[in-house]
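Number of protein chains: 4
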Amino acid sequence: MKTIQIGIIGAGRIGKIHADNLLRLPQVNIVAVSDLFAGPELEAWAAARQIGLVTKDSKELIEHPEIDAIFICSSTDTHVPLIQQAAEAGKHIFCEKPISMDITQTEAAIAAVNKAGVKLQIGFNRRFDHNFKRVREVVQEGTIGNPHIIKITSRDPNPPHEDYIKVSGGIFMDMMIHDFDMARFVAGSEVEEVYAQGNVLINPVFAEHGDVDTAIVTLRFENGALGVIDNSRQAVYGYDQRVEVFGSKGSVAVTNDHPNTAVVSTADAIVSEKPLHFFLERYQAAYMEETQIFIDCLLNDKAVPVDGHDGMQAERIALAAKLSSRLGRPVKVSEALALLQQSAL
Amino acid sequence: MKTIQIGIIGAGRIGKIHADNLLRLPQVNIVAVSDLFAGPELEAWAAARQIGLVTKDSKELIEHPEIDAIFICSSTDTHVPLIQQAAEAGKHIFCEKPISMDITQTEAAIAAVNKAGVKLQIGFNRRFDHNFKRVREVVQEGTIGNPHIIKITSRDPNPPHEDYIKVSGGIFMDMMIHDFDMARFVAGSEVEEVYAQGNVLINPVFAEHGDVDTAIVTLRFENGALGVIDNSRQAVYGYDQRVEVFGSKGSVAVTNDHPNTAVVSTADAIVSEKPLHFFLERYQAAYMEETQIFIDCLLNDKAVPVDGHDGMQAERIALAAKLSSRLGRPVKVSEALALLQQSAL
Amino acid sequence: MKTIQIGIIGAGRIGKIHADNLLRLPQVNIVAVSDLFAGPELEAWAAARQIGLVTKDSKELIEHPEIDAIFICSSTDTHVPLIQQAAEAGKHIFCEKPISMDITQTEAAIAAVNKAGVKLQIGFNRRFDHNFKRVREVVQEGTIGNPHIIKITSRDPNPPHEDYIKVSGGIFMDMMIHDFDMARFVAGSEVEEVYAQGNVLINPVFAEHGDVDTAIVTLRFENGALGVIDNSRQAVYGYDQRVEVFGSKGSVAVTNDHPNTAVVSTADAIVSEKPLHFFLERYQAAYMEETQIFIDCLLNDKAVPVDGHDGMQAERIALAAKLSSRLGRPVKVSEALALLQQSAL
Amino acid sequence: MKTIQIGIIGAGRIGKIHADNLLRLPQVNIVAVSDLFAGPELEAWAAARQIGLVTKDSKELIEHPEIDAIFICSSTDTHVPLIQQAAEAGKHIFCEKPISMDITQTEAAIAAVNKAGVKLQIGFNRRFDHNFKRVREVVQEGTIGNPHIIKITSRDPNPPHEDYIKVSGGIFMDMMIHDFDMARFVAGSEVEEVYAQGNVLINPVFAEHGDVDTAIVTLRFENGALGVIDNSRQAVYGYDQRVEVFGSKGSVAVTNDHPNTAVVSTADAIVSEKPLHFFLERYQAAYMEETQIFIDCLLNDKAVPVDGHDGMQAERIALAAKLSSRLGRPVKVSEALALLQQSAL
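Chains as they are written, first to last, in my numbering: chain W, 1 to 345; chain V, 1 to 345; chain P, 1 to 345; chain U, 1 to 345.
In short, the hints are calculated from the structure, not lab data. Don't take every hint at face value.
Said to hold, decoys possible - Subject to a maximum C-alpha distance of 25 Å in a straight line, what follows is the list of computed PhoX-like cross-link-like pairs (lysine-lysine): (1) K332/P / K332/U; (2) K115/U / K16/U; (3) K332/W / K332/V; (4) K249/P / K133/P; (5) K16/P / K56/P; (6) K97/V / K332/V.
Every value quoted in this text rests on a predicted model; they were computed, and no experiment measured them.
Use the sequences and the hints to build the structure in full.
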């Protein structure tokens with residue numbers, strides 16, 4: 001049996017999810033895990049999973065001769081150097097989104113990957129969700145004709161902590177980037193122009209860090225379709241993740257998943273369940289599937305389904321949205337980088 | 001029993017609907033109907049309803065001493081002079097939307113109404129729809145807290161004929177004006193700024209007349225809320241009329257009405273009914289209710305629920321949207337009229 | 001214009017509903033109304049509707065030379081003699097369900113109708129409901145193949161008053177009789193055998209009158225299909241009226257109607273509207289349609305869609321259910337009458 | 001870390017599912033698997049899972065000194081002797097349903113378990129389904145008051161092969177037994193009496209083996225509630241598994257699970273997904289959970305959630321239903337065994 005040897009850099013929540021998913025795959029072995037804050041707790045966690053090496057130093061993993069692929073689950077600012085090092089070491093890479101908050105850096109990382117000829121998959125987990133996959137399928141089968149209007153709703157149940165807000169890169173780069181990728185995924189076309197509006201309606205802490213907590217972004221696609229994404233950092237009823245594509249021959253819409261189908265009818269009300277609370281619950285199966293597919297791509301030398309280019313395109317749209325929001329006018333994706341460089345923005 | 005005597009100007013489809021609804025009210029008598037194309041067919045129609053006077057001349061109605069109120073159901077370009085004449089004659093007025101396509105004219109009409117002290121109700125029928133009324137109620141009761149995001153979907157099953165497209169005033173003034181009114185109705189706040197994008201994706205005939213058939217407009221409200229409206233001239237599955245208001249304490253969403261609740265499950269598919277086909281089916285009860293309430297306002301000297309100011313506000317937003325679409329930038333509602341006058345737009 | 005002249009016997013709630021529905025039809029004139037308790041109130045009601053004659057004596061209506069058709073809306077015990085008298089007088093008849101609680105009497109009434117050659121329509125209003133009509137259509141079109149299982153849920157929001165319980169004839173004859181008719185309507189086959197179980201779970205007052213408040217009845221149809229009906233006198237969440245037909249090629253199911261489609265999502269719950277409260281709300285359009293169709297049958301000499309035979313079949317099933325419930329065993333519909341006569345039941 | 005050593009008897013589809021679920025639990029080790037038809041295929045399957053011992057002889061497992069618990073996944077006729085042997089050997093037992101088709105035998109098996117003081121869990125997997133668990137919770141929390149009506153729909157997508165039909169024990173013992181357990185589970189009360197009707201509407205092969213393919217059974221519970229279960233061996237649209245409990249304060253209803261939430265709207269139809277196809281898809285998580293809970297009961301010496309008594313009660317109801325169906329009359333659960341013994345049934 002062919003076996004893939006894995007090293008995981010960054011043992012936070014998402015790193016641990018990937019680890020446990022990887023351990024469910026018979027062809028995979030996790031050789032090592034590194035984390036800046038490695039200590040007895042992480043060692044116990046690793047021991048329970050028979051992961052032999054725990055270290056603070058990511059280089060130990062990258063240089064480890066037995067490791068075939070690196071999962072980069074550390075903070076966003078570390079992604080680019082780690083991708084570059086891993087690529088140079090000839091390791092395949094799974095990297096969480098975004099690659100970076102600086103498109104020039106992202107380009108450099110992708111160049112390193114291309115030069116080394118390794119695989120790089122970006123963690124746009126939602127592409128592997130049963131609902132969104134079905135939307136894309138229906139669109140690609142032509143059932144709804146040419147897409148005219150794409151609508152994406154994406155609202156978190158709770159805002160992140162202030163510590164995270166500070167370094168998040170802002171709502172467009174941190175949260176809506178998933179929706180920019182989703183827009184490309186379901187529309188089957190590139191985004192040409194965006195117009196972004198945001199506001200601080202939930203918590204003034206967002207304003208203190210130059211961010212917004214509520215945003216609507218309209219999109220114009222190369223194929224002429226129009227799109228709109230709405231984001232909120234706080235939907236009190238739970239994680240709200242819906243997509244609709246409307247086209248010349250009809251529409252396809254998907255809504256939230258729920259813990260069960262119970263409807264309770266009383267003299268007061270007809271009550272159904274709230275959506276699955278947050279991404280860990282909603283995308284549990286999607287996380288499993290993205291991992292499985294990445295491993296399958298390594299085993300069978302296939303192209304990964306979400307690559308560095310996809311990561312960069314989403315970042316470019318996010319940058320255009322950020323600039324649009326600040327400039328108060330629509331911004332072409334193609335002009336975003338130049339605009340950024342020209343201005344003090 | 002107090003009785004209201006009515007004259008109807010314009011006996012097209014909507015004029016006839018209002019007539020039949022009025023005839024179901026015991027306190028109402030229709031005295032006369034006028035139409036530029038009055039002839040034997042209209043006479044037969046009127047005779048079957050015991051409407052005594054049929055004429056081509058709207059003045060006969062306006063000057064008729066027994067008539068208390070005029071329903072203006074003729075083409076949009078006739079609304080302003082008819083409102084002015086009816087107001088001067090001391091008649092109450094029910095006028096179809098929009099009052100006009102020229103805000104200066106609309107202001108003049110409203111001034112005439114105010115001077116005469118008559119009532120003027122505008123035919124924003126959707127405010128009387130069971131679903132949208134409930135959205136407003138839920139918002140006003142505070143159940144969902146402060147509105148943050150307002151989403152309105154409004155798609156027609158079929159595009160209008162080219163003859164209509166030519167004179168419609170364009171998608172923003174003709175079709176989306178209903179949604180602009182709806183936005184104000186459910187948000188409980190005025191629209192401050194709009195950004196409109198449109199495209200011709202259904203039929204090039206729209207482009208020939210300087211119009212679009214698909215549009216997305218984002219809104220910024222005075223209370224800080226953000227909004228988005230999407231319009232299509234052709235939803236092949238039927239009339240699509242949905243509203244969602246998302247706020248600090250939750251959301252309220254309404255969807256389409258259907259001819260029945262049947263779900264048919266076979267080896268091929270799980271199939272449910274398409275939405276009620278178009279506005280006549282969907283808003284049948286709403287048309288009845290707007291009429292009933294107008295008559296009630298006359299009988300009991302109450303303020304009408306949708307007045308000239310409401311009509312004008314929707315037109316101002318529509319104008320701003322039209323300008324935004326042409327200028328490719330967001331436009332403040334307050335600057336729209338000046339912008340129009342400055343430019344050759 | 002051909003005109004049908006109507007007399008209404010019994011001016012309770014249902015008689016008044018029929019009257020107002022009839023008044024909406026241009027070809028109909030209500031000549032007279034009779035009620036045992038006619039007085040100033042009824043006279044005012046009639047005057048407001050321009051009904052000329054108000055009387056305590058139903059004979060005045062039956063013998064009235066101008067009246068074409070009689071609506072019998074008085075208490076069940078009066079139905080048979082009134083049908084007989086009306087038939088002998090050559091009047092067409094619309095009669096509320098059930099014709100009687102005694103099948104021999106019902107047969108006599110139907111015989112009188114047949115002899116006189118007049119039309120008799122029974123007030124099984126649910127056959128005209130948009131949902132149930134669709135179920136029948138889907139079954140008759142063959143979409144679901146041969147029916148195998150028919151399920152009917154029928155629950156009232158509140159139990160009737162004790163005064164009514166006393167004379168109602170019991171749950172099977174008073175309430176479930178609608179469902180027995182529905183079963184025949186959607187299955188397209190006669191009921192051969194029933195097994196009925198009931199219990200008193202809501203209010204002991206039902207037991208005091210030899211009745212039950214909760215019942216489940218299984219049906220075996222001539223075409224081999226099986227069915228089940230469940231009834232409750234008290235569904236605290238509102239009127240619950242659902243039907244499902246399952247067959248060799250699929251199933252069709254209809255559920256309740258609601259006042260609007262609003263879904264309110266908060267931190268507490270996802271809440272939708274309760275069903276339309278009771279039969280007046282739920283079957284408003286169905287009442288209108290059954291009246292309209294009856295008048296159309298008179299105007300165009302068509303066979304009525306629900307005739308005396310339908311009335312009698314439902315009563316026979318109800319009798320079999322009543323006997324089954326008491327005997328604790330399944331009862332064939334064909335043996336019910338003989339069983340009743342043999343026993344002291 | 002405490003570890004449970006497992007032996008699996010019967011390596012058919014369900015045995016393999018349990019094995020794979022067990023392997024996902026860190027505290028579990030599968031020592032051995034036995035199957036009458038063990039051969040190279042099973043050996044390969046076992047090797048891939050690092051299961052050391054593969055044998056045709058179940059005794060090797062039962063007598064294996066390291067094994068703590070036995071999963072009995074072999075054919076129904078082997079259950080009782082295997083339970084007895086395993087109990088005598090001091091092994092804990094997980095046994096698929098039904099324990100047997102002979103209540104006297106089932107009693108003997110349970111007696112052996114009780115004598116040995118081992119744990120016995122019966123594979124009523126549906127109790128662990130997210131939907132049905134929620135129904136029970138809502139009932140037990142008192143939200144819907146006292147249960148009045150329990151409705152269970154359970155329809156398979158395809159009939160089994162004739163080979164299986166021959167030995168299945170009939171629809172009541174093989175298929176509806178799950179629903180009898182569900183009825184007890186959600187009602188929180190024992191079934192007192194049943195009335196069963198069946199028919200052969202799908203395939204005459206059922207009649208050839210004295211079985212039916214379509215059945216409706218009504219239930220009377222000790223607490224006065226009434227219930228109804230409908231079964232079909234062939235729902236062409238997929239596995240149909242729904243439960244509703246209606247009570248004095250309201251109702252709770254659960255419906256099917258679907259592969260995704262997509263709704264596709266075209267000019268032809270509004271189409272949603274068919275239910276998850278069959279039990280493997282629908283109850284995947286439930287199978288995992290019943291295994292996990294069984295292991296937890298062993299690790300922490302807790303009482304199992306579905307024990308031998310539950311298995312026997314369901315069998316007794318199934319027997320009563322079978323007798324009722326043949327005798328054409330209601331049968332008390334308490335009289336079923338005596339009835340069977342008295343008669344040649």
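Verification of the hints:
no. : hint            : result
1   : K332/P / K332/U : holds (22 Å)
2   : K115/U / K16/U  : violated (30 Å)
3   : K332/W / K332/V : holds (22 Å)
4   : K249/P / K133/P : holds (19 Å)
5   : K16/P / K56/P   : holds (16 Å)
6   : K97/V / K332/V  : holds (22 Å)
In terms of the numbered hints stated before, the structure departs from hint 2 and from no other.
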